[in-house]
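Engineer: Sequence:
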Amino acid sequence: MSEHRSTSRHRGSRKFLAVGLPVALTTAGLLVNGAGLAPQQASAATAAAAAPAWATATADGFASVDALGQNGTYGGRDGRIVTVRTQADLEKYATAAEPYVIVVAGTITMNPVGKEIKVASDKTIVGSGTSGHIVGGGFFLGQGVHNVIIRNLTIRDAYQGVWNDKEHDFDAVQMDGAHHVWIDHNDLRNMADGLIDVRKDSTYVTVSWNELSQNNKTFGIGWTENVTTDITIHHNWFRETEQRNPSTDNAAHAHLYNNFLEDVAGTSINSSYGNYSRGGTRMVLENSYFQGMKNPVIKDATATLVQRGNVFSGTSGRNESGGTAFDPRTYYAYTLDKAADVPALLRSGTGPRTTIGTTAATAATATDVTAKAAATTLTVAKDGTGQYKTVQAAVNAVPANNPSRVVVSIKPGTYRETVKVPSNKPHVTFQGTGGSRKDTVIVYNNAAGTRKPDGSGTYGTSGSATVAVEADDFQARNLTVSNDFDEGANQSLSGHQAVALRTAADKVFLDGVIVEGDQDTLLLDTAAKDRLGRVYVTNSYVVGNVDFVFGRATAVLDRSVITLKKRWDGSSAGYITAPSTAANRKGFLIANSTVNGDVSDRTFYLGRPWHAGGDASLDPQTTVRNTTLSAAIRTTPWTDMSGFSWKDDRFAEYRNTGAGSGSASSNRPHLTDAQAADQEIGDWLTDWTPTAS
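Residue numbers (the numbering used here): 6 to 698.
The hints are simulated quantities; they were obtained by calculation from the structure and are not laboratory data. Model, not experiment: these values are computed from the prediction.
With a Cα cut of at most 20 Å, we get these calculated EDC-like pairs of lysine to aspartate or glutamate: (1) LYS120 to ASP174; (2) LYS534 to GLU475; (3) LYS512 to ASP535; (4) LYS416 to ASP388; (5) LYS416 to ASP444; (6) LYS171 to GLU247; (7) LYS425 to ASP477; (8) LYS534 to ASP620; (9) LYS512 to GLU685; (10) LYS457 to ASP491; (11) LYS205 to ASP181; (12) LYS512 to ASP478; (13) LYS425 to ASP511; (14) LYS171 to ASP181; (15) LYS534 to ASP477; (16) LYS652 to ASP620; (17) LYS120 to ASP94; (18) LYS512 to ASP692; (19) LYS425 to ASP459; (20) LYS512 to ASP477; (21) LYS534 to ASP478; (22) LYS123 to ASP181; (23) LYS171 to GLU121; (24) LYS425 to ASP489; (25) LYS120 to ASP170; (26) LYS123 to ASP174; (27) LYS343 to ASP444; (28) LYS343 to GLU291; (29) LYS425 to GLU475.
Work out the full structure: start from the sequences and follow the hints.
Structural biologist: Structure, rendered in structure tokens:
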């Protein structure tokens, strides 16, 4: 950023976040660690085309068990792949007798409000990237319906304004007598009744990797006297939900593991209870994490509940167990994550993923993914066991104007170097190969005021970047990019801006990375003022203190953690974003994320407007929505910069939670529901659906 800002910053002790890449995506057939879309069995409609992995994924847990004449749960994998954008088309294919993989490629608003589409057997309904939204309604699976997968969708906003609503039974997903159902990687929120209702002896159900939030009666199971239901509930994030988290009545086998139940302090939604074993239920509850919940685990005298390895932080009230339940491994294999790792794992890994689903064009034709040019892989290893010892050497080996993907596979280690991907080398992926994103680290310590070795001056802010990306269609995953410039040791230096990662390109996809620094950590720019530069950051950590997400790009930080750091002298004060957006462009969108850090309360702003070079024609924008804000955020979260008022630009919030959130005012603008409908992730990325390559 421009050098006129204060530069008296000192770097504190360097910390890496001990968080690994989410591990749960493999059994679902998703793309992990940069793997391509694996070709599978040919579609019935286009026998010459191999169906991609998201169309052939199969369930785990009880939904994988062979029973009732159904061999596991695989949805519509034997049918055609179709793309829908309207309610009429969604109903047409969801209710059809034949199998379908139905890709929802946009926002479908249900009419009338509360409409629940009656899904027939042998269906997969999957969102295209993060763009698939069902608004004001949901799905109903009736008696005997089986082999249904609902994945990667956002189902939201049927709420009618009455918290304990007895009049509107509007659910996201309701089952009455269904079996073999898999609900996976969805964002379910703000419905009039349940987010998920598994009723009337529905069985062989798995609910995995969903975010359930902003609801009263969240997840109910049972509603008959029969002790029938077999259900697996794992890796789900329950956030700001009052009751039924879940409430499990008369379930023959209920296996709950690695879930995260969070009641954020200081919000209007307060938990009344967490996991509830009712009636004749036999429940096994393992390695889950309960944060701030009232009555986190309760059971009836007639129910059994076995607890193993759970963590309780800031909870109160009833926490119960008793009786003998069952051994889940009698029915299926599974792997437990450590309970202590669950909050970070689920904050970044739940909900819709960019790597499930596909673009509308691909889905409409079931394009054979094997027809794409095979990626070239270049290996980097410090110890000499790869083709190259430095990352830059591998980049140098990429041919100019390469037409297809080149994966730079980087073995674990610390690579102290600067790296530049020039504009004539598109389609490059940096892939860390360690078990965690902290295992592979690219780090350097240039600052804006650091003098160049050749004596030609200083680097300046943009030139200080450890990694600079100027090529379109760049991707990075499972690694750390850091700038460890020591402000304390360089107080005499003029210019303490120290960029870890700079992007100046379009279609940049950062998935599962850590970007760490102090001042000006992440520069999200464009190749020129009149050029579009879209960046999608997901499942990642961004760490810093002053304007540490800045630039003129059209950028989304989704399902990520923004970690605030103290300044060089131990003080707490800073700004998260400093957008420099051109007029009529989208700026920064922070969505479905968490802002935290070991800093003092009410000391950080969400952002301020950066009119680079004093350019009054710019129209900076930051929107922060559906994000948990710690108490570090100021009650007036936006502020002016260099004589430009934030009120003349575009700064707003929508449905944030946590101690740092606040009600709307003239100093804290909130979007209306109508405005928020035009500020979704798809509005930022437009025709681009980030897909791992």
